[in-house]
Amino acid sequence: MPRLRSVPVYSWNPRRNKLPVLRRFQVGPRVKNFGDLLGPVVVQGILKERGVGPALRRPGSGTVMAVGSVMHKAHDGDIVWGTGVNGKVALALHDFTRLDVRAVRGPRTREWLRENKGIEAPAIYGDPALLLPTLFPRLRTSAATKRHALAVVPNLNELGRFRSHPDFVDPRRPLWEVLERIASSEVVVGSSLHAIVIGEALGIPVGLIASSAEPPFKYQDYFEGTGRTASEYAMFDDFDAAHAHATGIRTDSYAPLAGWSPEPLLGAFPIDRWVRG
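So the sequence shown is numbered by our numbering: it starts at 1 and just counts up by one.
Hint data in this document are derived by calculation from the structure and do not stem from the laboratory.
Careful: at least some of the hints might be erroneous.
To be verified - In silico EDC-like pairs for lysine to aspartate or glutamate, Cα to Cα no more than 16 Å straight-line:
#1 146 - 111
#2 32 - 158
#3 146 - 177
To be verified - Ranges between beta-carbon positions, derived for each pair:
#4 98 - 237: 21 to 27 Å
#5 116 - 271: 39 to 45 Å
#6 213 - 123: 44 to 50 Å
#7 165 - 91: 33 to 39 Å
#8 247 - 6: 42 to 48 Å
#9 165 - 275: 25 to 31 Å
#10 247 - 48: 34 to 40 Å
#11 275 - 138: 44 to 50 Å
#12 261 - 240: 33 to 39 Å
#13 248 - 6: 18 to 24 Å
#14 75 - 275: 21 to 27 Å
#15 261 - 28: 41 to 47 Å
#16 212 - 30: 36 to 42 Å
#17 75 - 176: 19 to 25 Å
Every residue, glycine too, gets a C-beta built ideally from N, C-alpha and C.
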């Protein structure tokens with residue numbers, strides 16, 4: 001698990017192997033799905049911006065859980081900042097009873113915690129990956145110089161569905177390569193949640209294709225966490241419909257995040273995990 005200034009920050013990046021006998025021992029290459037690697041990147045960017053040096057880790061202060069549908073990976077005492085629930089993970093696999101929740105991805109995650117775990121979370125929403133263009137201006141520079149008409153970015157679990165497309169972007173490519181490819185595209189289409197998040201953060205027209213491998217929970221949670229109702233976002237059944245939607249967006253009036261402000265999320269950042277008040 002990555003440590004930033006001595007503090008553990010969670011990111012999902014297991015090893016996988018095609019041989020069943022080796023899977024038990026976590027032998028093989030790491031998955032390296034770009035969206036699941038973003039938590040430590042965002043946290044590092046904020047710490048650098050705030051000039052935070054090494055932390056003196058205190059016992060029991062917990063892991064920081066940021067980007068991703070990884071609530072089921074949390075343990076008692078962990079700090080949740082922008083994490084979401086994974087709609088396909090059983091309740092029984094969430095073995096925590098108490099969390100220090102500063103922010104969650106969206107209202108559906110907040111309600112899930114209340115109903116299923118009796119944990120109250122503040123109504124502070126947003127996927128921390130939305131902060132990337134602010135923390136890393138190089139993404140805005142790439143977005144200002146378009147080199148590609150389209151980026152097609154699938155969810156990790158359905159690569160084969162889109163691999164034959166000429167604008168296919170493998171989400172397992174090096175992290176900054178994927179981010180720069182998304183940023184430098186005129187339109188982003190796919191079933192990768194974080195391709196949609198990054199696209200919207202940069203003001204790029206997006207078209208979300210409903211995933212055949214993922215329930216809609218995390219997508220709905222994200223959209224509603226940015227201030228949109230069900231009538232204000234859409235998931236399409238196929239590429240053509242999603243692409244037509246994205247290319248039909250008028251960029252001069254496009255403001256997908258008009259109902260969301262980054263300030264509450266930034267204000268909820270667990271800086272106290274690094275800096276003693």
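(request) May I ask you to test the hint 34 to 40 Å on the CB atoms belonging to residue 247 and residue 48? (result) holds, 37 Å
(message) Please verify whether residue 32 and residue 158 have alpha carbons no more than 16 Å apart.
(response) Satisfied, since the Cα-Cα distance of roughly 15 Å is no more than 16 Å.
(message) Against the range 41 to 47 Å, how does the distance between the Cβ atoms of residue 261 and residue 28 compare: consistent or not?
(response) holds, 42 Å
(request) Determine whether the Cβ-Cβ distance between residue 275 and residue 138 falls within the hinted range of 44 to 50 Å. (result) The hinted range 44 to 50 Å is violated for residue 275 and residue 138, with Cβ atoms some 27 Å apart.
(message) Looking only at beta-carbon atoms, does the pair residue 247, residue 6 fall within the given range of 42 to 48 Å?
(response) With a Cβ separation near 47 Å, residue 247 and residue 6 satisfy 42 to 48 Å, so the hint holds.
(request) Determine whether the Cβ-Cβ distance between residue 98 and residue 237 falls within the hinted range of 21 to 27 Å. (result) Check failed, 40 Å falls outside 21 to 27 Å.
(message) Holds or violated: residue 146 and residue 111, Cα atoms, limit 16 Å.
(response) Distance of about 39 Å is beyond 16 Å: violated.
(request) Could you tell me whether the CB distance from residue 116 to residue 271 stays inside 39 to 45 Å? (result) violated, 29 Å
(message) Range first: 19 to 25 Å. Now tell me if the beta carbons of residue 75 and residue 176 are that far apart.
(response) Because 30 Å falls outside the window, the suggested range is violated.
(message) Can you tell me whether the CB distance of residue 75 to residue 275 sits inside 21 to 27 Å?
(response) holds, 23 Å
(request) Go ahead and decide if the range 44 to 50 Å is satisfied by the Cβ distance of residue 213 to residue 123. (result) violated, 30 Å
(request) Hint says 33 to 39 Å; check whether the CB-CB distance for residue 165 and residue 91 agrees. (result) holds, 36 Å
Violated hints, listed in ascending order, are 1, 4, 5, 6, 9, 11, 13, 16 and 17; each of the other numbered hints is respected by the structure.
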